[in-house]
Amino acid sequence: MGIEDDLAGCEESDPYICILDENDVNLEQYCLLWTHLCRIMNNWGTVFSFVVKDVTGKIVKLEEMQADKPQHYSSVLKMAQFEKENETIRKKKPRSGCGQLIILNRAFEFVIDLLHNVFSEKDEAAKVSKIAQHSYDRTLSKHHSWVVQKVVWAALCTLPYREEFVASLRGNMPAENDEKFHETFDKNGREILKRVGQMIEQFELVDFHP
Numbered sequence: 001m002g003i004e005d006d007l008a009g010c011e012e013s014d015p016y017i018c019i020l021d022e023n024d025v026n027l028e029q030y031c032l033l034w035t036h037l038c039r040i041m042n043n044w045g046t047v048f049s050f051v052v053k054d055v056t057g058k059i060v061k062l063e064e065m066q067a068d069k070p071q072h073y074s075s076v077l078k079m080a081q082f083e084k085e086n087e088t089i090r091k092k093k094p095r096s097g098c099g100q101l102i103i104l105n106r107a108f109e110f111v112i113d114l115l116h117n118v119f120s121e122k123d124e125a126a127k128v129s130k131i132a133q134h135s136y137d138r139t140l141s142k143h144h145s146w147v148v149q150k151v152v153w154a155a156l157c158t159l160p161y162r163e164e165f166v167a168s169l170r171g172n173m174p175a176e177n178d179e180k181f182h183e184t185f186d187k188n189g190r191e192i193l194k195r196v197g198q199m200i201e202q203f204e205l206v207d208f209h210p
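The numbering of the sequence shown is the UniProt record's numbering, which starts it at 1 and goes up by one.
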């Protein structure tokens with residue numbers, strides 16, 4: 001089963017859509033979406049297994065916060081307001097919920113950019129390794145040291161050609177669903193990125209490096 005199976009029948013009824021009213025994001029659904037993404041990313045090669053491990057750890061921390069204080073961690077804006085009022089929003093040890101989210105959102109930006117460029121590429125023989133390297137350079141690389149960048153670039157070289165990569169995303173869904181999946185996932189994914197970005201600006205976390 002691929003990610004398209006998970007998100008089949010998208011649009012407003014899709015259970016993984018995290019968008020709430022008033023520019024907010026449902027934190028539980030955001031973590032659930034990441035859980036599904038991690039399951040798929042495990043099939044993308046060694047480099048993504050490290051990403052998945054790091055992401056999973058942060059998801060677990062957010063879920064623990066939700067379980068402990070559900071009224072304050074049900075959404076991104078409620079979490080940010082609660083941590084600001086308690087002066088923990090910039091805390092690094094242990095890392096605040098907003099800190100966990102900022103790191104997750106950086107990785108999410110990479111995934112959104114990667115999938116958009118993979119689906120926009122029509123050449124089945126195109127190398128996903130090159131597409132992924134360009135996406136990485138535009139997103140995650142600016143948050144990594146030179147040494148980490150070199151390791152990631154080398155690992156991305158192991159990614160397959162587009163045809164095989166898209167097949168792993170598709171799972172049991174027909175190829176005709178590719179365009180609909182791409183449009184829906186990209187649209188909602190970028191909306192989530194925008195809203196988290198607005199929270200970062202609203203709560204003056206642009207210069208916060210968790």
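Check before you lean on any hint, since a few could be wrong.
[To be verified] Capping the alpha-carbon separation at 27 Å, the derived lysine-lysine pairs in DSS-like fashion look like this: (1) K92 with K78; (2) K53 with K142; (3) K69 with K91; (4) K150 with K127; (5) K91 with K122; (6) K142 with K187; (7) K194 with K180; (8) K142 with K130; (9) K130 with K187; (10) K122 with K180; (11) K130 with K61; (12) K61 with K180; (13) K53 with K122; (14) K69 with K93; (15) K180 with K130; (16) K142 with K127; (17) K187 with K122.
No lab work stands behind these hints: they were computed from the structure.
Checked hints:
no., hint, verdict
1, K92 with K78, "19 Å, holds"
2, K53 with K142, "20 Å, holds"
3, K69 with K91, "17 Å, holds"
4, K150 with K127, "19 Å, holds"
5, K91 with K122, "45 Å, violated"
6, K142 with K187, "24 Å, holds"
7, K194 with K180, "21 Å, holds"
8, K142 with K130, "18 Å, holds"
9, K130 with K187, "23 Å, holds"
10, K122 with K180, "15 Å, holds"
11, K130 with K61, "33 Å, violated"
12, K61 with K180, "33 Å, violated"
13, K53 with K122, "31 Å, violated"
14, K69 with K93, "19 Å, holds"
15, K180 with K130, "24 Å, holds"
16, K142 with K127, "23 Å, holds"
17, K187 with K122, "20 Å, holds"
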